[in-house]
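With chain A's structure known, arrange chains B and C on it following the hints.
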Amino acid sequence: MIKDNRTKDYKSIIQERVAKNSFKRKVFNNFMTVLLFVFVIIAIIPLASILFEVFKNGVGALSFEFLFSPPGAFGSGEGGIGPAIQGTLIVVGLASLIGAPVGVLAGVYLSEYSSSSRSFAYFLRLFNDVLTGIPSIVIGITGYIALVLTLGSFSIMAGAFVLSIIMIPIIARVSEETLKLVPNTLREAAYGLGLPKWKVVWHIVIKGSKSGISTGIVLAVSRVAGETAPLIMTILGTSLFFSGFNSPVDALPLRIWRLASQPYPEAHEQGWGAALVLILLILALSVALRMFAQKRSTFKSTT
Amino acid sequence: MNKLINYRILGISLLAVSLLVPVYVNSVHAQKVSINGAGATFPFPLIDTWRTEYQKVNPDVNLNYASIGSGGGIKQFTEKTVDFGASDAPLSETEFQKAGSAVHIPETLGSVVLAYNIPEVTTPLKLTGPVIADIFLGKITKWDDPKIKELNPDVTLPSENIVTVHRSDGSGTTYVFTDYLSKVSPEWNQTVGKGKSVQWPVGIGAPGNEGVAASIQGTPNTIGYVELAYALTTQMNFAAVQNQEGNFITPSVNSTMAAVSAETSTLPSGSESWSNVTITDPPGPDSYPISSFSYLLLYKDLSTNPTIDEQKAKAITEFVEWAVTDGQQFAESLGYVPLPQSVVDVNEATLKSLTFNGNPILTN
Amino acid sequence: MPPKDSKITHAELVKKLDLQSRKSFIGDKFFKGLVIGASVYTLCMVALVFFALADGSVPIFMKEGINFVIGTDWNAVEGRESFGALPYIIGTLVSSTIAMAIAVPISIGIAIFITEMMKNKLGTILSFIVELLAAVPSIIYGLWGLFVFRFWIRDYIEEPLHNTLGDFSLFAQAPFGLDVFTAGIILAIMIIPIITAVSREVIKAIPHSQKEAAYALGATRWEMIKTAILPSSKTGLMGATFLGLGRAIGETMLVTLVIGNAIGLAAIPTSLFSQSQTLSSIIANEFNEASNDLHLSALIGLGLVLFVITIFINVAAIYIISKVSKSYSNLRE
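If you're matching them up, the sequences are chains A, B and C in order.
Quick note on numbering that gives the first Met the number 0: the first sequence kicks off at 0 and runs consecutively.
Quick note on numbering that gives the first Met the number 0: the second sequence kicks off at 0 and runs consecutively.
Quick note on numbering that gives the first Met the number 0: the third sequence kicks off at 0 and runs consecutively.
Here chain A stands alone, though its shape is the one from the complex (with noise of 0.2 Å):
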């Protein structure tokens, strides 16, 4: 008891003192929490802004039709993005065909494999944040070149390869991380059991830390479906369905991009429902992003 009143005596003590040198200072106190509170409604006003006036702009474009149908005569305003919601699965598929296993088993060779050559590693680690930073119409121009001009068309394989590269060192990075996470005891477990290293790797390091791989590949997806200058040079747009892995194809933001440069309000509602189509995309990968990732909280805290 007489502890507690001589910490409380102390306590009033220092707080009268403050209070009596400082007035201004917690003034400035409440204003810097005002300002930062301040800050904080600034960068929700866009995104409410942006939510609202997609979902307000685009609902009343959603229809089956919308969804499944090719684009009507230009300015109609009929037909829809069926196209384009199917190339955008595709090339993005696709592109995770290429980005995934190579993303993570350059991850795999970071976090497993790097002591054998400590210069190689820092080198791909640097390569790897280095390739993270080029803005994807660098990589689009890249996929111009490298495929496009050499095979001669637009395609869907050019699109797909280009969004790969922005796809890997995302995926890379993630996984060299969750697959650090990964216990030393458990591998030392599974030495101790006479496994090989690659089964050491594959069933208990990669398979143990399947949900923060599989983090690094929806993030990974979710950001190049949002890509749109690449496509520009390496799917091109068309108004029809998947007709070969080497014609062009369509893809939800060029779609919105072409829609947007229509002169006709008719378009315009029909661009603000494919942004409310890719937005749902989108953020239905997120969910399960945050999903997966309270997962991978879930066995760190075990460990």
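No lab work stands behind these hints, which were simulated from the structure alone.
Even for Gly, the Cβ is constructed at its ideal location relative to N, Cα and C.
Label pairs and their calculated CB-CB ranges:
#1 Pro100/A x Leu169/C: 50 to 56 Å
#2 Thr93/B x Val286/A: 52 to 58 Å
#3 Pro282/B x Phe54/A: 54 to 60 Å
#4 Val286/A x Ser321/C: 30 to 36 Å
#5 Ala47/A x Ala212/C: 35 to 41 Å
Computed list of lysine to any residue pairs in SDA-like fashion (alpha-carbon distance at most 25 Å, straight line):
#6 Lys55/A x Ala134/C
#7 Lys138/B x Leu169/C
#8 Lys22/C x Pro195/A
#9 Lys25/A x Lys118/C
#10 Lys206/A x Ser20/C
#11 Lys118/C x Arg24/A
#12 Lys225/C x Phe22/A
#13 Lys313/B x Asp300/B
Quick look at chains B and C alone, frame taken from chain A:
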């Protein structure tokens, strides 16, 4: 674990859908012929209408047109990655040589109008070529400049700065507009020149006709150039422009028609070089001075492109024949000008001369 | 304990183990090869990007030389071709600077707010919302910027500034809503979530003892932030800023829609409300339409310039961040 399995099912089903849908679509369209074209953005609304309308006429033919710009159209046509190209500018002499056996099919006509937004002015403005050039050169900066006043004595013009709006993306519209300015203003010809994208001395660049129009409508005291088709559908104010004979002509389907009729007597045949064909600044009392053909580019012998087989060659030729005849009925409602009969005759002759492995394609 | 009736002789056992280890040796070799293959593939992609750009821009550097970087002329008209990248380099720097001036204080403020002042559910929700902003594709920012936001900026920010401070050359030009200022603000909105996420992680990493020490000395919360948090996270926050800068410089579609797209000398902004053009926006504007080989090469050359600038920024960011914390990596996106 249960959740993970759910995700896996979700992922697999998504993948399956994305792979199955194309298979399904392909099987449905198995018997169809796909014609791939690419090029100018200027005729895109019309060609896109043809795409859906021709489906009704001939359901077995799928038309796929990518509006990537005239330059891209010429490039893809020359590299034989498309079945036909489209361009607002004819092939230049070097391009014509490079492309090998190309024929020009003028498929439609369009005009470029000067749209403006001056809240105080309701009567249509009158402008001459040199004045337009001076405005876009940044030499006339105020709306009440004496040169504009002189042309519009009855209009009270505000003493406000002129804001010019141009296209930011390379465009056939820009080509037609700068082609006209180069003809009427020596200074423009010297300093800026004509091209699909030029170095604008002043002004705001907006993407697409839409961007230009939105910029004009959204801001007072602006002037810019857009296609007639668009100016008509959005009810913008646009200027009457003085033609060669000194008359001020309001752009319309009729005045464009007058311009083309004044020039058609000199058209070359389809397989010759069209590099000198231009209908800007034409003679004739009723001709609107800023108009242009838009061209489809076809291979004179369609087997030149190895991806075209005989069935496809026939489909392409029949489609183009439909487009330049029956297809013209859709032009006017979109603000394009239907081809005059004289041009259709030139086209018919050109189409009859097309061959596949040396054999004529159209037999009737 | 081996079973007593085991009939395997010692020699057989050795043989069997040898066989097994050889099998796993082959498995190990194969898997290691696979992993190294993937790593080499990643390196090759960087090399491919570089060589494609370098190869494609040879013609323009042959023709223009150093003038390509310091020239201000941009003329694609046949017969008078001349290409200089300087206006777009300046446009890129100006729009990114505006974006950073707005985004950095706001992002760091939000990061502090979430980590230090909102340690409850609301803070979690807030950080979730900010992360959602990061997931919105830039084309949708562009759509919203073109149809909605530019009118807000013109009517509520630019017009008042122009009307009251129009005598200063910075605000002298009549505002239009499509200019370097609008582009900078929308870029700021786009990179705020990125900088916030990294900053939050940096601030979280500061040991509690530091903050407690500041409080024990009688500091107010703001003084604690100023004396304990900001100095020790300075380099980390710098790194976060660089990452945001990298994104702002490379952004394409959004900028193209709102920056006004001037060409050549006219693209050098003379006031806050000038139309301009960035390296990436002019590439997007002209790439598909460039039929002339030199024009195409010039656009690829702009890509090379952009590549060099972003590599420089990213290497700087990596260097700074690696000095501070290694936990930034998950959040780079």
